[in-house]
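Number of protein chains: 2
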Amino acid sequence: MVLPKTCDCSTINGEYQVDHFSFAVQDTFNLRYLINDTWCKTVKNAPIFFYTGNEGRIELFAENTGFLWEIAPKFGALVIFAEHRYYGESLPYGNQSFANPRYLGYLTSQQALADYVELIGYLRSKEGFEFSPVIVFGGSYGGMLSAWMRIKYPHIVQGAIAASAPILQFTDIVECDAFARIATSDYYVSNPTCPQLIRKAWKTITEVTSNDEGKKWLSSNWKLCEPLKTEEDVQVLKDFLQEIYINMAMVNYPYETNFLAPLPANPINVFCQHLTNSSLTGKPLLSTLYRAINVYTNYTGKANCTFTKNTTPTLGDEGWDYQACTEMVMPMCTDGTNDMFEPATWNFDDYNNTCFKKYSVSSQPHLACQQYGCKNLDTVTNIHFSNGLLDPWTSGGVLRNLSSSATAIIIPDAAHHLDLRESNSNDSYDVILTRKFHQYSIKKWIAEYQRKF
Amino acid sequence: MVLPKTCDCSTINGEYQVDHFSFAVQDTFNLRYLINDTWCKTVKNAPIFFYTGNEGRIELFAENTGFLWEIAPKFGALVIFAEHRYYGESLPYGNQSFANPRYLGYLTSQQALADYVELIGYLRSKEGFEFSPVIVFGGSYGGMLSAWMRIKYPHIVQGAIAASAPILQFTDIVECDAFARIATSDYYVSNPTCPQLIRKAWKTITEVTSNDEGKKWLSSNWKLCEPLKTEEDVQVLKDFLQEIYINMAMVNYPYETNFLAPLPANPINVFCQHLTNSSLTGKPLLSTLYRAINVYTNYTGKANCTFTKNTTPTLGDEGWDYQACTEMVMPMCTDGTNDMFEPATWNFDDYNNTCFKKYSVSSQPHLACQQYGCKNLDTVTNIHFSNGLLDPWTSGGVLRNLSSSATAIIIPDAAHHLDLRESNSNDSYDVILTRKFHQYSIKKWIAEYQRKF
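Chain order of the listed sequences is A and B.
For the first sequence, this note's numbering puts the final residue at 461, and the numbers step up evenly by one.
For the second sequence, this note's numbering puts the final residue at 461, and the numbers step up evenly by one.
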């Protein structure tokens, strides 16, 4: 059986309401989705495997969700990857979508879920699919969406594989420093000196760049695409560094990948191999750090300079920034002691002010928990919440069973939604087992549904 | 213990988002609610009994939900009656609320539920109420809302008493003629001649009013507030008649009430006592029918004329007409054979066209089932769906258990949400038992929740 390594799909646009919850705005838009019906052609009421697209072009997720492709033939499933509104080409107001708060205001998770509900309704309206069970899949924010699909629309969706879905990463629910502590521990287990040097480097960067000569030195030594000119530029550089450390923790996969960036197997190990000499200080520390960082920024060896604006060009950062400002307010903080980052407290008011300046909307820190629930989730059924202990997002994951069929799966040996990726000879036993358990429950959920008819 | 016969409450306004599901419109408005904290003052985490207001001034429901008032002291509950947006005084855009599709478009059940979620969040933010269990109550559309509150927000609401809630009265779910057949049977059991004469009268009205003399005769004989001039006026009169027959079936209570109109006990019996002579035809039939109708239109004896524009002045007909045109599309038809009404098929296109002309929006006949579920509701828990067999709305009710705790309660002897009314010596045993069962489950739901802490 030939498995598609990348998505071998048709691309279709469906017309949807921009606003599913009111009648004041009647605009419609084209939602894009990928469809593959190779394995369901002879099956009546074939299962529908539906990836609830998250913050990026849908192809990105189709290409990085090999697990779904591997099991679809076995289940004779129709495969759908639905693009999230305001990402990829699913722009409700075309190139004006981000131009105006009135246009951008319909970028919400609830509206996206309602798009998927419509799309599923359409798929089930086709002959032979009327009683098709629907299993939703998603990783990260996509995993939150698939969990929420089952939570909010259990009459439509029969089960959900919610991989690395931090549905609890909200105000008053989790500690804001947990995320940074997990990320730090990934570097620590690789080599305890590594996070120590990362931590030391923040101050070193500040000191070295405190004068023009130092800024010049770092710009040239790190081959920065834009030379450092102001203190602000230095802060931007630090933010980039922090993002890289976190991204590397997320995609710390046991084999070469190209999800957020082209990376070697176990990138944190490769990175930390450079950072073993705890006595390093000053410019030598920064020069060494630069070599380490190249693991992330220039694994291909083709980059001419370091730090382009966007560290994850495949993700829709513009849209996500808006979502993080409105409903996906996820408190994060660092203390520089229990983690390797520069200390930064979580200050909602500052956060909200910054957001308001950008988008003229107030952050709604309690909206997600109000709408979907963060506590009292014992009525939830038929969801796998899988979380890898290498993944910093596990900080907001569901780590205990919510009910007998809403199950927490802890994968000691996995980074961000590794279980959704295609099989690899380097997969550890716990990842393999998780995928087996996913299949077992999917079978069960499908059978449960079929028994009704 | 003194029970309030009418609502002995404080009236409070809370400020809420007009649009809870997007950020494009940031307008806010005042939602009104009634609150009574007489019985919860010394209780920590007292239960909150929350009536999910429906299509009318909230006082109407507070005055006709005696059951809640009777049991609140026993439970030491905080009592809340929340007004539905766009009804009573909870008008998001003041007296312009109905003037413009842009303003009116936020009149949706989902938005109303989100208002209630906000209000519950506010109540629980008060000291001593953080872990208060919330039980929602509602009758008719209010019952749909309370069921949907539990279905959509089980993490917020612990249980629902959904009385006479026709959550299945939607396209492709129930037969459109069931409603009329149940209404007819109410008249039939009173006296089989009664629905027969009602049926015969439609044609008689058409014939008698086919000329000016006849129109004059009927206008004067029936003391119509506005004399009949055109065929259209005749149709309006017929529509009124039909509405009265249906309303009387809904409020066919075993004692004198004043819910939709001032009425005697068992109004259909009183009405049908006039309609026993099956040989009546022509003007004598209409004169007799007029005497019968007076049971509904002039029970107080104070009306100077018959048929004012609004047969149910206490309900917000303007808002409900919009809701029925948009999301609450409930297919109804009559055949004049199995029911006592003039034959009328259900034609969605005609319905939609009429609605579009009025409101410039398209009817969404599948929206409610998509959003809340009409099939595959087996994950639903902690709801009582009570339906009286005298109530035509039972046609759209949940008449079988959805799960071990989402229970259908059939009350052979009750009209529209009689179980929500205060106790009366004329209540039949099955109504008394239903109220006991409600209390039993409320106790159970509260205990379930309290066990968590």
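It should be emphasised that the hints constitute simulated quantities derived from the structure, not laboratory data.
Take these hints with a grain of salt, some might be off.
Note: identical chains are not told apart, hence a pair may lie in one copy or across any two.
[Unchecked claim] Derived lysine to aspartate or glutamate pairs resembling EDC-like cross-links, with alpha carbons at most 20 Å apart:
#1 K366 x D35
#2 K134 x D325
#3 K246 x E221
#4 K134 x D180
#5 K460 x D386
#6 K451 x D220
#7 K383 x E135
#8 K224 x E234
#9 K291 x D421
Do the hints match the structure? See the list:
{"no.": "1", "hint": "K366 x D35", "verdict": "between (25 Å within a copy, 19 Å between copies)"}
{"no.": "2", "hint": "K134 x D325", "verdict": "neither (35 Å within a copy, 38 Å between copies)"}
{"no.": "3", "hint": "K246 x E221", "verdict": "within (18 Å within a copy, 92 Å between copies)"}
{"no.": "4", "hint": "K134 x D180", "verdict": "between (44 Å within a copy, 16 Å between copies)"}
{"no.": "5", "hint": "K460 x D386", "verdict": "between (24 Å within a copy, 10 Å between copies)"}
{"no.": "6", "hint": "K451 x D220", "verdict": "neither (63 Å within a copy, 72 Å between copies)"}
{"no.": "7", "hint": "K383 x E135", "verdict": "between (40 Å within a copy, 19 Å between copies)"}
{"no.": "8", "hint": "K224 x E234", "verdict": "within (11 Å within a copy, 90 Å between copies)"}
{"no.": "9", "hint": "K291 x D421", "verdict": "neither (35 Å within a copy, 88 Å between copies)"}
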